[in-house]
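Modelling step: build the complete structure from the supplied sequences, incorporating the hints.
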Amino acid sequence: MARTNDEVARLLNELAVLTEIDESSPQAFRVRAYQNAARAVAGLSRDVAQMSASELADVRGLGKSTATKIREYVDTGTIGKLEQLRDKHPVGKRDLLKIPGLGPKGVELLSSELGVTDLDGLKAALADGRIAALPGMGEKTADNLREAVERSGLSSKEQRVPLVDALPIAERIVARLREVPGVVDAAYAGSARRYRDDVGDLDVLVASDDPDPVTEAFVSLPDVARTVGSGGTKTSIATHDGLGVDLRVVPPASFGAALVYFTGSKAHNIRLRQRALKRGWTLNEYALAELVDPPDDADAEAADEPAPAARTGDVVAAATEEDIYAALGLAWVPPELREDDGEVELAETGDLPDLVTREAIRGDLHDHTDLSGDGKDPLEAMVEGAVERGLDYLAITDHAEDLRINGVSKAAMLDQRRQLRDLEQRRGDITLLHGAELNIDIDGSLDYDAEFLATFDWLVASVHSHFRRPVAEQTARVVAAIRHPSVTAIGHLSGRMMGKRPGIELDIEQVLDAAAETGTAIEVNSNLRRKDATAEVIREGVRRGVTFVISTDAHSVRELDLVRHGVHHARRGGLTHERCANTWSTERFLAWRDDVRTAKR
DNA sequence: GCCGTTTTCGGCCCGACTGTTTTCAGTCG
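Each residue of the first sequence is one higher than the one before, counting from 8 in the numbering used here.
FYI, nobody ran anything at the bench for these hints, they're computed from the structure.
It cannot be assumed that every hint is accurate.
[To be verified] As a list, the in silico PhoX-like pairs of lysine-lysine whose alpha-carbon atoms are at most 20 Å apart:
hint, residue 1, residue 2
1, Lys105, Lys95
2, Lys147, Lys112
3, Lys130, Lys112
4, Lys112, Lys95
5, Lys88, Lys71
6, Lys241, Lys273
7, Lys95, Lys71
8, Lys105, Lys71
9, Lys285, Lys273
[What the hints assert, rightly or not] Listed next, with one range per pair, are the computed distances between beta-carbon atoms:
hint, residue 1, residue 2, range
10, Arg490, Leu421, 25 to 33 Å
11, Leu421, Val478, 36 to 44 Å
12, Arg490, Arg233, 54 to 62 Å
Remember, predicted model here, so these are calculated numbers, not experimental data.
All C-beta atoms in this analysis are idealised placements derived from N, C-alpha and C, irrespective of residue type, glycine included.
So this is what it looks like as structure tokens:
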């Protein structure tokens, strides 16, 4: 949480990159140690600036050496070792490392053989044929590098695409590959399945004993701009948007193992494999299986060839994820939690959180009708849609008057309220709350007057403008809305739009503490472009006892289905049923709302 | 650099694909 931690994590990652260049090997154990340390610091709830060297060294993933470096940074503002590596390896080398196809060995080769230490140098060496003449390189390698440099410049290794843009592609590809004869199952995995905010690429997994027609169908998809590589079971393509998609075809009996493997995260997988090794097993994308010791020296000599490092024996588990986790003595870990930030330990002791599920959602508390300008469907249709989806309660929250483009006057609001009460009475199959989405102005003030606001059943207050103001101003603005006696929830907390604009800057501790103190709910907005509040904020809010609601912010009947995204996102933040008010029964929900308002007034 | 139901040294996750190699190194995920 604390800023120092993010800063230190960034420096440790830089140390990892520089060490990778320095030791010319991605395997260099120091590199991984620094990466682990960076993640450990980023995930720490305590502020490293407040911790002693010995306290730091006690943190899992940090040792004496890194603890000393962190103290050095906190005390002096610099890390000697880092400065030294920065001097030794100019920024240009780090840029070279970002080029797809160039790893630490390649970068070192360029530097030592040709004196090439930056992108311009590489371009020149490519142009005059010096690259192709290098030992271990050739014309083909030079061509690939030339293409990589031209196409994506520096960024493609780290260019990430918002989930909202990538997920539809993933779902389309999976649907198409499911139709291929011989395909038993298909799914997307990777960071998309973990529901990260953005993805580096897509991982698609197919279960089939006949890979060739799957590969054929995959490279023939209309999305495919070019095939990056293709072997017997693994194929990589790039879409016209420049998104990379990896396909793996595995035997149906291995589908569970492959799902675990390709869902990741990498760090989570490493923990699982270490666990497997301790039990005398090995875990790969095909199975959790017995580890067979390599033959002893005599046998190896007799065979007159080096012994393989390990061979696998009988399969312990492979078909489903549940089987594999169970064999490893773990509860099945929901994909959204597989980041190695404590979930393995919780799975071991059976203490994984009771994460919110789609089936548990009983109500939707942020919905628009065609009364406000940007809504598409009339009140009756929205209510019918909610009933069809099995909801017990629904809040209609059209934009209030302040949002000039599509806001609603007081009179129109009252008219809608009469319609809503009448509809509720006539139907008798759903509880309807009359609400509004208020605009939080830059000074924290809201639409209408306090007296009128007090007559609503449910009020969502959200930021819609003035995104670039100082953190103190934004925090005061939002906290004022949280403390307003009639406001029951804060909509899309940061106002971010993925791939378009960042959210407002908030002192999140202050905001969450105000929400916890007043009982005002924080919304988890289900729109994938928003995913707002962020997973990190949800996680911290759960820790501080904040109540959340998962809302669709639907502007049409169809958008009521967005709730599945909101649920996945909330799970990433560790949201439990207990802290998610719209999983509660109508009675419990209404009683809670009454309590909050009574306490605030 | 970190870590320990094979504890203070000697390990450290696993495999596919590519391009350069005649059996493998480098890169990637």
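Against the structure, the hints:
no.: 1; hint: Lys105 - Lys95; result: 18 Å, holds
no.: 2; hint: Lys147 - Lys112; result: 17 Å, holds
no.: 3; hint: Lys130 - Lys112; result: 18 Å, holds
no.: 4; hint: Lys112 - Lys95; result: 16 Å, holds
no.: 5; hint: Lys88 - Lys71; result: 15 Å, holds
no.: 6; hint: Lys241 - Lys273; result: 18 Å, holds
no.: 7; hint: Lys95 - Lys71; result: 24 Å, violated
no.: 8; hint: Lys105 - Lys71; result: 30 Å, violated
no.: 9; hint: Lys285 - Lys273; result: 19 Å, holds
no.: 10; hint: Arg490 - Leu421: 25 to 33 Å; result: 26 Å, holds
no.: 11; hint: Leu421 - Val478: 36 to 44 Å; result: 38 Å, holds
no.: 12; hint: Arg490 - Arg233: 54 to 62 Å; result: 55 Å, holds
Consistency note: the structure conflicts with the earlier hints numbered 7 and 8.
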